[in-house]
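Undergrad: What follows is each chain in one-letter form.
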Amino acid sequence: MNPRRQKRLMVVSAIVIVIAAAVGLMLYALNQNIDLFYTPSEVIQGKEGNIPEVGQRLRIGGMVVEGTVKRDQETLAVSFDLVDTGPIVTVSYQGILPDLFREGQGIVATGILTSPNHIDAHEVLAKHDEEYMPPELAEKMKGIKHVKPSESSDYESGAY
Amino acid sequence: MLAELGNFSLIMALMVAILLSVYPMWGAYKGHQKMMAMAKPLAIGMFLFTAFAYFCLTYAFVHDDFSVAYVANTSNSTLPIYYKYTAVWGGHEGSFLLWTLILCVWTLAVALFSKAIPVKVLARVLAILGMVGIGFYLFMLLTSNPFDRLLPFYPIDGKDLNPLLQDFGMIIHPPMLYMGYVGFSVAFAFAIAALISGQLDSTWARWSRPWTLAAWSFLTVGVALGSWWAYYELGWGGWWFWDPSENAAFMPWIIGTALVHSLAVTEKRKVFKSWTVFLAIAAFSLSLLGTFLIRSGVLVSVHSFASDPSRGLFILGLLVVIIGGSLFLYALRASQIKSNGRYGLVSREVFLMGNNIFLTAATLVVLLGTLLPLVHKELGMGSISIGAPFFDQMFTYLIVPFVLLLGVGPLSRWKNQSLQALSKQIMIALGLSLSAGLLVNAGFEQSTYMADLGLVMSFWVIITTVMEVRQRIEPQVTAGKYSIWQSLQKLTPSHWGMVLGHLGFAVTLIGITLVSAYNTERNVRMAEGDSVNLQGYEFVFKGISQLQGPNYSADVAHVDVYQNSQLVSTLKAEKRFYPVQRNVMTEAGIDSGFSRDLFVALGEQLKNGDWSLRIYVKPFINWIWAGAFIMAIGGVFSISDKRYRMGSLARNASSAKENPKNLMEQTS
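So the sequences go chain by chain: A and B.
Sequential numbering from 1 applies to the first sequence in my numbering.
Sequential numbering from 1001 applies to the second sequence in my numbering.
Bound-form chain B, shown alone (with noise of 0.2 angstroms):
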């Protein structure tokens, strides 16, 4: 009973959704009050209705409701409680609900704590979340309902979880994820609303920031979630695999990095407007290409649960829709729009453009490594695979002149820089970081080259960071009026959230560099007692034992770890057998560290009672996400900043009327 009700609420949903988008729309272009203030009420209600279908479906899986297909299909009755609750997004139907429900939680935000934006934009920035939400209760309701019912014949108990996704990064990371492609509706709705009303002016760029940035941390964290898991759950024991999938989030990242950029330059100096809203489309498009993707079956990947046609022709519509529609929205008005900064050739502008350039360079490379398996598929010209050895060539030769310009960019003033003055910084920060570097790198044993340029990089970023807050606060230090101390704190949080993302960036490529250069692994044959030596651990084998989980039987093998024969750790890796899906997993043994993982896997038995293991010792891995997380908490704090709180932003504004001059200070 409780699916049909879910089902009604989705319809309802979807009813609400057309209400939204037309009320408020007209309202603003009719000047009409009445209907522009429907916009929140309806807003409300798109939330609650899909949140009510959620929690139907929800119930249906808690309860082992297996006459509702999706759940049938996606659950057991012995699955364990908590992955009932995690499984609702496991499968294709419900984490297209998940989505939706994350998109009417962003419009909800958007309607709740918008109340300094003028009513007229915000009914149509709702407008347009409703538009897209729309597009999505149609695909549920007519190509993938979850609360399709198998009657009368249903099965006496389901097929379960897909063993994969049987797992804590699981519960985290898919919501993680969908939160940051779906919060860039916002970014991209505020983009839509300024071109539809022609206006403009910088304060769109304001407005939409902290959403933005909001969305960026929350995708930031969902990509390094995806990678931890990889890396933990499928037993290779590899961070990144450039597959589909994982260019598919990683994409819409790369433009929305690019684009938290440009807002801040659109913000402060009025300048870049017209490329900032093109990057909040495409920012959005390509959130919707990756789900497109994955979802319609076209790429294969562990993420495509089902494929079917039908499902893939209504998204590829629904990305000609909406792409299509806002780019030539774009191109009808992009000529209107006027950046009236002037900057010269040497400043933080062109710095941050070139960064720009060089952000979106590595986004084509990733959509065309992605999509030409593809094309040159259906052109007729047989079935290719580009390997991962194309994407790790083409960033490194794109990481050098980009992480060159991320420590010259905050040197550096905005208008004019002189030149020289920028280039003793450079030279004291280039010699710092290659002493550093090399320094640092000369201690590991069979140092390479690559470790060099990564290591040299990671401490350019790291000591132009530092420079650049040091330059910050200097005058006010030297001047005897705060300490040190005291001006640190003067920092505005949005300065520090830069400064914390530059560092996560440091981290991760200092994780990155030290990881793929410095990475030992051993695929081995051990009997019993057998032990091999890597990087200086004793890894020995102690045996195999039986254990029965509560949907699954495992083999479980010990595996003991000595460094100059003191134990250092016992690992237990698993080979599980799952018997409702007949599948086999591995769960990996990890000893996590500050500066190394000791990684088992276990492989299969063979034929004399031996098992083949995988054995890795890979140095400095957690860097790679410790840093997306520092990253993230500078989205935090940058969103934190005074200037996008409600109240004062008001009266910013009218205090800019009066002296522009002062809003000139502030902000630059």
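Next comes chain A alone, as it looks inside the complex (with noise of 0.2 angstroms):
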């Protein structure tokens, strides 16, 4: 092999072998922080079959069932139950809620299945906007009316 065609093998060698590990690598990571979405009648009764197991890793977006919002009266802890069509779970997430979260609206949840119908999350998000519903959601919702979050709730009348 002449000089310049043993230099350009190299460079295209080197070039072939960083994006072959630049995929690997990729995968893995994907493979370890992908979440999949579920709603909570997902979580029960399986998405197309598939039941998630206790200890996955999920996202879970549904609307907070009005009067389940419980605290602890020491710490940040706090609870409240997921619906969408039928189905609860139960979400226990410790720290601060957004600011837009509110019984009757509709939420997101990153979190590990401790039981069959229950979530621990580390993150919980609402969007900024009154009548924010996932966009996961409102598509497996199609149909189902909305319910809007009651204009007396205890949230905005005692706060402000």
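To be clear, the hints were calculated from the coordinates, so they are not data collected in a lab.
Wrong hints could be hidden among the right ones.
As the list claims (entries may be wrong) - Below, in silico cross-link-like pairs of lysine-lysine (DSSO-like), each with a Cα-Cα straight-line distance of 30 angstroms or less: (1) A:K70 / B:K1377; (2) B:K1377 / B:K1268; (3) B:K1642 / B:K1268; (4) B:K1115 / B:K1642; (5) B:K1120 / B:K1030; (6) B:K1338 / A:K7; (7) B:K1572 / B:K1642; (8) B:K1481 / B:K1377; (9) A:K70 / B:K1542; (10) B:K1415 / B:K1642; (11) B:K1481 / B:K1424; (12) A:K47 / B:K1377; (13) B:K1572 / B:K1607; (14) B:K1268 / B:K1338; (15) B:K1415 / A:K7; (16) A:K7 / B:K1424; (17) A:K7 / B:K1268; (18) B:K1424 / B:K1490; (19) B:K1490 / B:K1115; (20) B:K1270 / A:K7; (21) B:K1490 / B:K1270; (22) B:K1040 / B:K1120; (23) B:K1490 / B:K1268; (24) B:K1642 / B:K1338; (25) B:K1270 / B:K1115; (26) B:K1377 / B:K1490; (27) A:K70 / B:K1572.
Remember, it's a predicted structure, so these values are computed and weren't measured experimentally.
Both chains come to you apart, so use the hints to assemble them.
TA: Take a look at the structure:
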């Protein structure tokens, strides 16, 4: 091989190795960091036949059931129920809830399934919008009426 | 009435854009001087019409004309006057008007400041910018017209601007970001013009380089401002969330960084030509993709004001035409591009190529992480989300070899570098940065290995940069020709641009490393008089007071911070309620400092009257943004280099013909 070709071969093989390594690492990282999205009824009844296993990391989106938000008296621990079309899943969380977390509102939580109907969340999201529903949930609930948060919820009249 | 004039003005701008994209291009094809000369007046006309439309919309905002649908949706009579000016780009329609206005500004700038560029090239470049303009005027007029009226039944008052956007950061973030995004259209236009003409020598790189650097600098500032805004406005204390909207701005930035470097190689060494053209196309395509991702509503984030499928479809169509068209042209012409420079396996070219590869890989990682959830969903495989850990992990892998090359590149020569001399320098730099990094990190309590790694990398960049400057001035100083100070002054501005760019990167890296490793946060429940200790700071909750703002009411938490029983700061964290949008907003109380930020955000009131609070101590977080500003200043330095100034350019070109060696000396 003449030196020029040899050089090209080196460069090309270096690129191939870098790309292969990058793809490999990427797939590995992806494998660990993909969270599947479920609604409460999918957690209980399964999604396309797959019921999530206890210990699995997942994302759940649903409406907060009115009157189910329970706070610990001493700490910031809080728990609430989520619902979409029937079954209920309880979420517990330690920390400060987002500004727009309200009963009757759609939220998304990411966490670990600790028992078939209980999730330990490390992240709770609510959108900065009065009528927000997670898009995944909105799709699942097509045709079902969106229950608006009641106008006299404690949150607003109490705090403001 | 003004709204109708604005609408008419937009239509006129579209007509001018059509003329601009046809006449000069046709003139350049036919070699018709007069047609080519029309490019400049048409560019000015396009700017004037768009600026007038923009003025009309601003007028409607300032005078609370709620019969204009867009104003009714994004403003309110109680909105403070300065936010009425910025609310113009606070929603979907208006932000596109700003986008287009900025495109016109860039087009105008190219038309006015390119006296040294051949008329033919300039005509083509402006025509291509006109074509991009057509797409966006059509988009506005057909799917999202900011001047649509709500007649005859218009609301008495507006729906108000999203409280998140009622903030100083929002006044400057979008224009900066758009200046960057849209600025890449100039690099794109130069690349396409070069492809059309078939004249793919390195001159086009020299012409487009200052424009690309300008766009890159703006984008750097824009991204940094966005991150800063998220930090103090969202109330979570984070500075980067890998949110799709952030990724959309980050991808063009990474590719833009690769482009800036690749352009330098093409200009100086006449190699990587087709790669540079490809990067120029990619940078603008990713800017468009970002616009599409955010505006079409396919991704949900703070930025997705309105989701309307017809808009998404239109932008997607535009994307296909622009990206597809330019890649097709590229495919036709790329085989003709000849890179005639030679370089050895150990040379600055190769190191720069390596860095380009890593930057491209990083872009692909972000692209994959952003688009995969979309693809996954469209394929019917269910909704997924890809969390921040994925990006963090990938960037940790990528940054180590990247930083290594970043240090070695400037130290080595163009064409061929002796491995022996280089490895000696590498060993010295490695030894110094290892000891400096480990020593500094040992000063922190509970130091982590990741922080070791990050600090060593930062010092590696700083030390190699300093070594490079020293190596550059050393011959003159030892020869006794100049003093150190004089020879430092003799370095070209573009050289200082590189030095500042790399030092800025190191500063950002230090910030990221230290804040990731030593950030401490506590979510606490506090009653009046309670206190919390965090990293030697004592936070005392003094209580809550009420506040009435112009268009909101707020609870304000007063927190005193003591260090060694000395009062350091009194923080005010607000929880605002905006009645028009029925929105609650957290306004964090932050005490910013050189080596740390104290951050308090108010949570909610709990049943027994206690409040929940988020308290953070964030070491060196300001370095992240300071580094970005240093990088942007580096960009400005590079632009100011004499050789881009138009008169000298023509002289260089002529002297280069007479004496090619002269040019070699000057540029190497």
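Undergrad: All hints, please: hold or fail.
TA: To see whether the hints hold, each was checked on the structure:
no.	hint	verdict
1	A:K70 / B:K1377	violated, 34 angstroms
2	B:K1377 / B:K1268	violated, 46 angstroms
3	B:K1642 / B:K1268	holds, 15 angstroms
4	B:K1115 / B:K1642	holds, 15 angstroms
5	B:K1120 / B:K1030	holds, 10 angstroms
6	B:K1338 / A:K7	holds, 18 angstroms
7	B:K1572 / B:K1642	violated, 49 angstroms
8	B:K1481 / B:K1377	violated, 67 angstroms
9	A:K70 / B:K1542	holds, 27 angstroms
10	B:K1415 / B:K1642	holds, 24 angstroms
11	B:K1481 / B:K1424	holds, 27 angstroms
12	A:K47 / B:K1377	holds, 14 angstroms
13	B:K1572 / B:K1607	holds, 22 angstroms
14	B:K1268 / B:K1338	holds, 15 angstroms
15	B:K1415 / A:K7	holds, 14 angstroms
16	A:K7 / B:K1424	holds, 24 angstroms
17	A:K7 / B:K1268	holds, 22 angstroms
18	B:K1424 / B:K1490	holds, 27 angstroms
19	B:K1490 / B:K1115	holds, 27 angstroms
20	B:K1270 / A:K7	holds, 19 angstroms
21	B:K1490 / B:K1270	holds, 25 angstroms
22	B:K1040 / B:K1120	holds, 12 angstroms
23	B:K1490 / B:K1268	holds, 19 angstroms
24	B:K1642 / B:K1338	holds, 28 angstroms
25	B:K1270 / B:K1115	holds, 24 angstroms
26	B:K1377 / B:K1490	violated, 57 angstroms
27	A:K70 / B:K1572	holds, 29 angstroms
In summary, the structure is inconsistent with hints 1, 2, 7, 8 and 26 from the numbered list given earlier, while agreeing with the others.
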